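Assemble chain B onto chain A, guided by the hints.
Number of protein chains: 2
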Amino acid sequence: MDMDKELFRKFGYKFIDWVTDYLSGLDNFPVRSQVKPGEIRSQLPPEPPGQGESMEKIFQDFKDTIIPGITHWQHPSWFAYFPANNSPPSILAELLTAGIGAQCMIWQTSPAAAELEEVVLEWLRQMLGLPEGMTGVIQDTASTATLVALLTAREKATDFNANQKGLKSPLVVYASEETHSSVEKGVKIAGFGRENLRYIPTDDSFAMIPSKLDEAVEKDKKKGLQPACVVATLGTTSSTAVDPLAPIGEICRRHGLWLHVDAAYAGTAAVLPEKRWILEGAENVDSFVFNPHKWMLTNFDCSAYFVKDPGALIRTFEIHPEYLKTGLDSQVKNYRDWGIQLGRRFRALKLWFVIRSYGVEGLQKIVREHIRFAQMFKEWVEKHEAFELMAPVDFSLVCFRLNDGRNDEVLNDLNKRLLESLNQTGKVFLTHTTLRGKYVIRIAIASRTTQERHVREAWDLITSKAAEILK
Amino acid sequence: MDMDKELFRKFGYKFIDWVTDYLSGLDNFPVRSQVKPGEIRSQLPPEPPGQGESMEKIFQDFKDTIIPGITHWQHPSWFAYFPANNSPPSILAELLTAGIGAQCMIWQTSPAAAELEEVVLEWLRQMLGLPEGMTGVIQDTASTATLVALLTAREKATDFNANQKGLKSPLVVYASEETHSSVEKGVKIAGFGRENLRYIPTDDSFAMIPSKLDEAVEKDKKKGLQPACVVATLGTTSSTAVDPLAPIGEICRRHGLWLHVDAAYAGTAAVLPEKRWILEGAENVDSFVFNPHKWMLTNFDCSAYFVKDPGALIRTFEIHPEYLKTGLDSQVKNYRDWGIQLGRRFRALKLWFVIRSYGVEGLQKIVREHIRFAQMFKEWVEKHEAFELMAPVDFSLVCFRLNDGRNDEVLNDLNKRLLESLNQTGKVFLTHTTLRGKYVIRIAIASRTTQERHVREAWDLITSKAAEILK
Chain A
224 MDMDKELFRK FGYKFIDWVT DYLSGLDNFP VRSQVKPGEI RSQLPPEPPG QGESMEKIFQ
284 DFKDTIIPGI THWQHPSWFA YFPANNSPPS ILAELLTAGI GAQCMIWQTS PAAAELEEVV
344 LEWLRQMLGL PEGMTGVIQD TASTATLVAL LTAREKATDF NANQKGLKSP LVVYASEETH
404 SSVEKGVKIA GFGRENLRYI PTDDSFAMIP SKLDEAVEKD KKKGLQPACV VATLGTTSST
464 AVDPLAPIGE ICRRHGLWLH VDAAYAGTAA VLPEKRWILE GAENVDSFVF NPHKWMLTNF
524 DCSAYFVKDP GALIRTFEIH PEYLKTGLDS QVKNYRDWGI QLGRRFRALK LWFVIRSYGV
584 EGLQKIVREH IRFAQMFKEW VEKHEAFELM APVDFSLVCF RLNDGRNDEV LNDLNKRLLE
644 SLNQTGKVFL THTTLRGKYV IRIAIASRTT QERHVREAWD LITSKAAEIL K
Chain B
224 MDMDKELFRK FGYKFIDWVT DYLSGLDNFP VRSQVKPGEI RSQLPPEPPG QGESMEKIFQ
284 DFKDTIIPGI THWQHPSWFA YFPANNSPPS ILAELLTAGI GAQCMIWQTS PAAAELEEVV
344 LEWLRQMLGL PEGMTGVIQD TASTATLVAL LTAREKATDF NANQKGLKSP LVVYASEETH
404 SSVEKGVKIA GFGRENLRYI PTDDSFAMIP SKLDEAVEKD KKKGLQPACV VATLGTTSST
464 AVDPLAPIGE ICRRHGLWLH VDAAYAGTAA VLPEKRWILE GAENVDSFVF NPHKWMLTNF
524 DCSAYFVKDP GALIRTFEIH PEYLKTGLDS QVKNYRDWGI QLGRRFRALK LWFVIRSYGV
584 EGLQKIVREH IRFAQMFKEW VEKHEAFELM APVDFSLVCF RLNDGRNDEV LNDLNKRLLE
644 SLNQTGKVFL THTTLRGKYV IRIAIASRTT QERHVREAWD LITSKAAEIL K
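As they're listed, the protein sequences go chains A and B. All the letters of the first sequence, read from the start, carry residue numbers 224 to 694 under our numbering. All the letters of the second sequence, read from the start, carry residue numbers 224 to 694 under our numbering.
No wet-lab data here; the hints were simulated from the structure. Treat each hint with caution, since some may be false.
Where chains are identical, the list cannot tell them apart; a pair therefore holds if satisfied intra-copy or between any two copies.
[What the hints assert, rightly or not] Taking lysine-lysine and the DSS-like style, the derived pairs with C-alpha atoms no more than 30 angstroms apart in a straight line are:
id, residue 1, residue 2
1, Lys446, Lys233
2, Lys661, Lys650
3, Lys650, Lys442
4, Lys444, Lys388
5, Lys442, Lys388
6, Lys688, Lys606
7, Lys650, Lys556
8, Lys444, Lys688
9, Lys388, Lys435
10, Lys444, Lys391
11, Lys391, Lys435
12, Lys259, Lys446
13, Lys388, Lys601
14, Lys639, Lys259
15, Lys286, Lys233
16, Lys446, Lys388
17, Lys445, Lys388
18, Lys444, Lys650
19, Lys280, Lys639
20, Lys233, Lys601
21, Lys588, Lys280
In this text, all values refer to a predicted model and were calculated from it rather than measured experimentally.
Chain A on its own, in the form it takes in the complex:
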């Protein structure tokens, strides 16, 4: 090593100490960074250094300059978006992954990475109760996995001709009006065209209405268009609504459509027997993604993508340049052909560390506790006369708003002000959405370190800020 071996060890220990203190002292930081746009940039030199600098100095600058500009995703009072949990075993695994520095594009470039990925993804399949025979692969994000699904659906619908000839006639994609923005992005990238994406209306729980899907498919068929793919969501981003897989799957089967399931956040809940109902009808699913990097304590990035027919996936993505051929290609899994990127990090290791460290029961316990917190919070909202619950609470997200009886326009403004006043305290970080045009505050209670007291403190802060605003 060019950096002296003992110097590396010394700073390695220091950094371990720093991470240890950081994780156990997160309560002392504001959750959302309090810096203003340009504040960090203005402290950094506009040109790179000619000579090397000492690690001591770099570390000091990291603490002084970078940390104030960090929004602390692992904070116990993180209630924004969905969480991106890490965990001590996952961090330790990431250290080994970085140290080994393997690039895992094909089996030969790291046999253990390829085979561990195969094993751990099969563990995950069992843990969620996905249908036997589904095969898993790690993608970086759910955005990528959904794009991969759309591309495979595109190839399937064109007898694997679009890759060769481009899309000669329009294929149509369906998702609920509450679907994630990555579906629109994927539809554009894959060349379907945004105008061939249909947003299906949702019911009172914000879940896709299957009969409306059926109608939309029929309508397109009559127009001479070719329906190709349905994206169902288990746990929408706005409100964790659950599209009903069983009737949607039946429609897909009847019309010969690819069924992709985006369970990015809520998929983890299927580790609980009492939440397994979300997967009812999964036997008709062609592809399924959920993110261990959200609610399963595994460092971002790590999306688990499962397919019924790996052959269709590989046929969509395989390439055979001479410089990547090996004598073993017929006997092994070369994951470069299972997605978009050629290069791949060794991401199975952290999953292996997490699942083994917590065990299935340990993970169940954590997820169950988060769901209990959300139910508790939901009851507080329902009991409070100035607050209104805005969506069902099936998992660990609660959607609510301040409602003192005025019209929606006024309420939207009030809630926007409430949210900003909460986040400015630095004590919590929550984000918003809109549901049927109403501005709604979301509290996602699923950080690994969140305890009941953090949820109670958040509620106290919310009610006290609300009282100020209503005054």
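Positioned in the frame of chain A, the structure of chain B alone reads:
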């Protein structure tokens, strides 16, 4: 933390010790893993554990089961593919990144990550001497960056209509016959269709012949097709050939084509004044990618992607879901709109650590030394009567073959046997390619830890194995 704080610290130290010993003791490992397909998998339980297991046990299994299945990319005798260098400062930064566990999709979710990315990419632009005004963003891999370029070119060529309507008429993409497979993959994904990708012939140095490009564009125009994008390569994967940017850029400007440059490996060489010639004509480049994770000592994954017009990039990828809107969107860079994935790791940190630790001069020294090794190796090949140099050596890759005067079919077989016999020793790892149908051995001399003696040992091993084979 659920894992006891002191236990985390204890294993943190242990893992730092392990990484320290690993990196300084890599000479003791076979470079290419010696396991057989299925050997690792067969040692892993087919079901996940119900209860959590101790970190002691997991660490032991990591050492006993996983490590034998690792091909050691950081080994000083790694000569395969291109390297994926890490470095002590980069590993240390990855530890902090994992510990913080931030998801950096937009400015608000970590202002320091967004602003550090902006600053460090500008440093890289200066270090390579890319045109002023080009703006950088980190992508995961060059495959992704090239896809992003193709998509932006697609939108530009259709007045930003393909995203909305799909591709209504064929657009044509051009690259040399030696281009990387990611171009074909990107062309398929983006819906151009493989049949609309033209491979342009190359000259004796395996570089694109500009006049042949011009002819191909004219021919397509006459057919009523719409030429859209040219991908030029600086440092092809097979032989590090350099497509001449100046004449190619002139052709692109004349025909109104997007010019994307794939400099994944060789881009780093532009830190050297004496290699800056590869960028002659860069003022006509629309997008440019190189991989600090290859030759610039930064842990995989980290691709630096530069564009002349960020507006076109953002217009291609932007999405505006309600749950991601913030009050600051007009003042800051939200990198979710600069690529495919929504979620993003904090990858600027490791680049910052690497550039500051080594300084520009330190990085230049390392790259220059690798190039010297390659020149040395090239001379040995040229002087040896049984070996033949197969391509020019501009950087740190040497393409050669054993040639005792027999026909190509026999030689192809001989060289294949030579390569396998070398790799089976575990002492080196090299890979192959084909050039004009000839099987060629590639030696990529660019691992951070490679010293002159490793290159000499490799040559001794090659000549001795060759003598055995020729006997």
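To see whether the hints hold, each was checked on the structure:
1. For a Cα distance limit of 30 angstroms, the shortest separation of Lys446 from Lys233 qualifies neither inside one copy, at 69 angstroms, nor across copies, at 66 angstroms.
2. Proximity of Lys661 and Lys650 under a CA criterion of 30 angstroms is satisfied intra-copy only: 25 angstroms inside one chain copy versus 65 angstroms between copies.
3. Proximity of Lys650 to Lys442 under the C-alpha cut-off of 30 angstroms is found in neither arrangement, the shortest distances being 51 angstroms within a copy and 65 angstroms between copies.
4. Proximity of Lys444 to Lys388 under the C-alpha cut-off of 30 angstroms is found in both arrangements, the shortest distances being 23 angstroms within a copy and 18 angstroms between copies.
5. Both within a single protomer and between protomers do Lys442 and Lys388 lie at most 30 angstroms apart by alpha-carbon distance, with minima of 27 angstroms and 19 angstroms respectively.
6. In this assembly of identical chains, Lys688 and Lys606 lie within 30 angstroms of each other by CA distance solely inside one copy; the values are 17 angstroms within and 81 angstroms between copies.
7. For a Cα distance limit of 30 angstroms, the shortest separation of Lys650 from Lys556 across copies, 25 angstroms, qualifies, whereas the shortest one inside one copy, 47 angstroms, does not.
8. In this assembly of identical chains, Lys444 and Lys688 lie within 30 angstroms of each other by CA distance neither inside one copy nor across copies; the values are 53 angstroms within and 65 angstroms between.
9. Taking identical chains as interchangeable, the C-alpha atoms of Lys388 and Lys435 lie at most 30 angstroms apart only when they sit on different chains, with a minimum of 23 angstroms there against 33 angstroms within one chain.
10. In the homo-oligomer, the alpha carbons of Lys444 and Lys391 lie at most 30 angstroms apart both inside one protomer (17 angstroms) and across protomers (20 angstroms), since each shortest distance falls under that limit.
11. In this assembly of identical chains, the alpha carbons of Lys391 and Lys435 lie at most 30 angstroms apart whether taken from the same copy (27 angstroms) or from different copies (29 angstroms).
12. With identical chains, the CA atoms of Lys259 and Lys446 are never at most 30 angstroms apart, being 52 angstroms at best within one copy and 55 angstroms at best between copies.
13. Neither within a single protomer nor between protomers do Lys388 and Lys601 lie at most 30 angstroms apart by alpha-carbon distance, with minima of 52 angstroms and 43 angstroms respectively.
14. Proximity of Lys639 and Lys259 under a CA criterion of 30 angstroms is satisfied intra-copy only: 19 angstroms inside one chain copy versus 59 angstroms between copies.
15. Taking the closest pair of Cα atoms, Lys286 and Lys233 come within 30 angstroms of each other both inside a single copy (17 angstroms) and across two copies (23 angstroms).
16. Taking CA atoms no more than 30 angstroms apart as the test, Lys446 paired with Lys388 passes in both settings, with 23 angstroms inside one copy and 16 angstroms between copies.
17. With identical chains, the CA atoms of Lys445 and Lys388 are at most 30 angstroms apart both within one copy (25 angstroms) and between copies (20 angstroms).
18. In this assembly of identical chains, the alpha carbons of Lys444 and Lys650 never lie at most 30 angstroms apart, being 53 angstroms within a copy and 62 angstroms across copies at closest.
19. For the homomeric pair Lys280 and Lys639, neither the shortest alpha-carbon distance inside one copy (41 angstroms) nor that between copies (50 angstroms) is at most 30 angstroms.
20. In the homo-oligomer, the alpha carbons of Lys233 and Lys601 never lie at most 30 angstroms apart, since the shortest distance is 48 angstroms inside one protomer and 40 angstroms across protomers.
21. Taking CA atoms no more than 30 angstroms apart as the test, Lys588 paired with Lys280 passes between copies only; the shortest distance there is 22 angstroms, against 42 angstroms inside one copy.
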